[in-house]
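Using the sequences provided together with the hints, build the complete structure.
Number of protein chains: 2
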Amino acid sequence: MPVSKFLRVNTATREVKFEEVPEKYLILGGRALTSQLVFDEVPPTCNPLGPFNKLVIAPGMLSGTNAPSSGRMSVGGKSPLTGGIKEANAGGIASQKLANLGIKAIILEGKPQGNDWYLLKVTPAGAELIPANDLAGKGTYEVTAICRERYGPKVAVITIGPAGEMLLPAAGVTNNDSDGNSSRYAGRGGLGAVMGSKKIKAIVVDSPTTFDAPLKEAERFKAAARKFTQILQEHPVTSKGLPNYGTNVLMNIINEAGALPTRNFHFGRFERAAEVSGEKLAEIAVARGGKATHPCHPGCVMRCSNIYPLPNGKVCAPIEYESAWALGPNLEIDSLDVIGQLNYLCNDYGLDTIETGVTLGVLMEAGVIPFGDGEAAIKALEEVARGTPLGRIIGSGAATAGRVYGVTHVPVVKGQGLPAYDPRGCKGIGVTYATSPMGADHTAGYAVTANILKVGGYVDPHKPEGQVELSRDLQVATAFLDSTGFCLFVAFAVLDNPEGMPTICDLISAKYGISFTVDDALELGKRVLKAEREFNLKAGFTSADDRLPEFFKLEQLPPHNTVFDVRDEDLDQVFNF
Amino acid sequence: MPVSKFLRVNTATREVKFEEVPEKYLILGGRALTSQLVFDEVPPTCNPLGPFNKLVIAPGMLSGTNAPSSGRMSVGGKSPLTGGIKEANAGGIASQKLANLGIKAIILEGKPQGNDWYLLKVTPAGAELIPANDLAGKGTYEVTAICRERYGPKVAVITIGPAGEMLLPAAGVTNNDSDGNSSRYAGRGGLGAVMGSKKIKAIVVDSPTTFDAPLKEAERFKAAARKFTQILQEHPVTSKGLPNYGTNVLMNIINEAGALPTRNFHFGRFERAAEVSGEKLAEIAVARGGKATHPCHPGCVMRCSNIYPLPNGKVCAPIEYESAWALGPNLEIDSLDVIGQLNYLCNDYGLDTIETGVTLGVLMEAGVIPFGDGEAAIKALEEVARGTPLGRIIGSGAATAGRVYGVTHVPVVKGQGLPAYDPRGCKGIGVTYATSPMGADHTAGYAVTANILKVGGYVDPHKPEGQVELSRDLQVATAFLDSTGFCLFVAFAVLDNPEGMPTICDLISAKYGISFTVDDALELGKRVLKAEREFNLKAGFTSADDRLPEFFKLEQLPPHNTVFDVRDEDLDQVFNF
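Here the protein sequences line up with chains E and U, keeping their order.
Residue numbers for the first sequence follow this note's numbering, beginning at 1 and rising by one.
Residue numbers for the second sequence follow this note's numbering, beginning at 578 and rising by one.
Treat the hints as calculated values from the structure; they're not laboratory data.
Even glycine gets a Cβ: it sits at the ideal position worked out from N, Cα and C.
Under the rule of at most 16 Å between Cα atoms (straight-line distance), these lysine to aspartate or glutamate pairs were calculated in the EDC-like manner: (1) E:Lys111 x U:Glu1127; (2) E:Lys379 x E:Asp337; (3) E:Lys538 x U:Glu1146; (4) E:Lys24 x E:Asp520; (5) E:Lys530 x E:Asp572; (6) U:Lys1115 x U:Asp617; (7) U:Lys1115 x E:Glu569; (8) U:Lys1115 x E:Asp572; (9) E:Lys291 x E:Glu279; (10) E:Lys538 x U:Asp1145; (11) U:Lys1115 x E:Asp568; (12) E:Lys280 x E:Asp334; (13) U:Lys688 x E:Glu550; (14) U:Lys1103 x U:Asp1050; (15) U:Lys817 x U:Glu856; (16) U:Lys594 x U:Glu686; (17) U:Lys956 x U:Asp914; (18) E:Lys111 x U:Glu1132; (19) U:Lys1107 x U:Asp1050; (20) E:Lys24 x E:Asp40; (21) U:Lys1040 x U:Asp1142; (22) U:Lys688 x E:Glu555; (23) U:Lys891 x U:Asp756; (24) U:Lys731 x U:Asp756; (25) E:Lys314 x E:Asp337; (26) U:Lys891 x U:Glu719; (27) E:Lys5 x E:Glu19; (28) U:Lys688 x U:Glu592; (29) E:Lys538 x U:Asp1149; (30) U:Lys1130 x U:Asp1147.
Example chain U residues on the side facing chain E (calculated, C-beta under 7 Å, incomplete): (31) Gly983; (32) Gly1117; (33) Thr1119; (34) Asp1122.
What follows is the structure, encoded as structure tokens:
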């Protein structure tokens, strides 16, 4: 096994080879690497499910080290959902294992002719494609269990569910946590369908070590890692909010702010939000023998995940805020048990929970399913696995569902469903939704920080002023952070602590034996965004795609009765850097 | 009733008013008028089914006169199918009646809140909105029959079927011929859904006269009309081919040329094409007491329409070539009776036959319906009226069906299904498909003329050379012809007769009392295309949208085993004028 290599798999010829990493990619990782490889190797106008698209999987720059919470895995390609470039990243244990095997990126390319499925097995001894028709059609939980049984309980299993096999645009790529739960999703943008188009059902990664990725300056690195852990432990969000209640601590906060999209983005507050909040979730989970807090990969200090036992004996681990919202208040569903069941099904079928929830909201708007009817929602979602026409519509995402049912109230940007913050009640995130090369994506520039959480300053969420600058700065910083392997949640601490960014840069400098400054970090973030924007430009995107749907400008959002009024010409200034 | 007025209907407030026609629109008609009004009044980025889109219906510049075959009606708006500007035109009797009432255009605007349907009644006495909930849900045949019973057998009924009511992107706008057959479709691009979004189920037009549109120089006009009739009667296509066998005379010709898209564009020849040809159609129709030839509106000398009695007692009038192909060889269906039934259902539901056929082909590619299975196709199509998920997918068009079922072999441009000529076997039409602002549209620049029919010169259909120039010239001429009210089929004669264009210009000069030259005609064509292109540019289209799907460049088409190889940079030169 060579050190620091690309693992390139031609799925048409079934050739599997390791390649030396060209100089220009050497220090890159995560989003910086997937986006650059997609930019360099994928023709922007290609069919996302055709032979010219590629699926790139890359650990972060710092993944596989003991820098805390640095185990994010990036997945990139041209999105079948948006038609643009896509990077989605996930926790779980695969990133660390890949980094410990010296793999900078796995590149799946070509398109096989036949109907046979394969599994890519990656170990210290090398990599091989193994026939896997026996895994086809199976849910991600079962596939992961089978692979752990076959290849050992410590392997990471990167897999797709039936949704990815069916090439559905809302299909994600998942991998498991240390307990074998297959629920760490690079969910957004349909990258599971790209993996499905390559006929790769799963990638099994086996590595004897977790934190042994090579370090050029080991002592310096250890000191910086200790310091960064301390920074995380000093901030209330990363040391208390997230570790106590997980991401779903946001439910009551965003509801209180009047920015919780309710009933398919018709209202900003859900009167029964407390019923599905993080506080309630912790109470139920603990009472049932689950866990209110749990790390998605070794070395995470924030432990924002949870383990929620369902009444049917199954376990949903975790219920994240975005999922709880998408499958809860967005549908006027007020039961964590129903939300948990829907979430479990999404995970098992290999569907993005956000896109699925937004799509169900659109179908409720169309009258196909009644708002608030959890049982009907579960029944509809179960159709995905059966591949019925309705099931396929659900798996095709909100824009398609809106088109098929003639709905105009469809919350999407660039064809991707909006996450859990109404852009009329939190205008900074609205700017991010509108302009991110990823389509509507809260993680791309999480302006909820300054708009609502008062982290990293304060910008009035209801005023258009200052939102473009806020979103721009956050998008640049995020494009960098998404490249490091760090969980985005470190940003809460980093934004409020002047030592944060320099410490991250110190970690990078020590790992690679270079001098990497905060300026370098921001330059890298800008470079990533520019490559992504240029890819999209060549793919046919224009400023007309950097807009929110019409209804956000026309319909006032209760309770604050605001509309989205950041001007178009200001939105066009976001990437002026 | 004022002379030469716009009839503007605000469907939100239910205000109906006549307006003076501003100077700039005075001599415009048909496509020139609808596209200019859409360009001037519709925000290019608006939601096509939202309050800012408008539906514009306009007779041609010469409609309502006795110029032969000049009764085309243009319908325009922003397309729910392509997201770009759309003009679709149809024969039938509405155009002549509108022109005789002095109505330059009907403009439907705004968006009503409630669920009530209305009928717009237009007579010499004025115009009014009449509640029409009793017509909701009914097919176009029944609606037309009811309206003719209520308002007199001579009225024109412009209507939508259930597909338009359901806001489906493949829904068209129809009107009837003199016999009351509701089958003259402005089919393409989903304008029926725009009409549905305005909650206008039908427009009834009652005019005492047909050929009395005002003429500034009546004698000169009459002489030119006589001359133009003679020109049409001298050309073999317009005097023999079309009058004997209708448009479906093309079936054997295009099959022989190896450009007949068969089995969802996998082959260029269908071995059973003769079974569904115009010759066969004429034989069956006549034997059953139908008609092999029939005019779609008074004053047509080409009479390319037909009346095909179905075994179930109903009548499909007509089966056009494009419909026979889309619902026949494209699906490997070899029975005119099955094609006729599918065509009848499309007409009754208010669906574009081309888009529907292409969509069924994609669903067959996906394995949802078996290729060649007519009964299964009929059963699937019937689901549209019931609004089932599959029915709605069918009504949403081929691009959406491909997306929902993960099909990459989807023949669409700008989201609109390709018509009955494979662009690999007829590369000039491929250039038109790729570049027309309308999306894939054979009528926008019918290069089949020089490529296959050897009308207006000859350009080898299998070579990339000369196709861009051919398509450009035809697109310019067509944008003009679509504005006159003339049926596009006059082009066969006009292309081969140097007197053709000057005579058309003479007709316009005489009608409007101006000096209108062939240069003016071409200038008008260019102006129309420029406005349409600019609308699309503002709506977010780029050169990436002026391309054929990937598979046309990768997969050879039997029997000539050609791929589409007109270079991208050459496609980008089409509108350099």
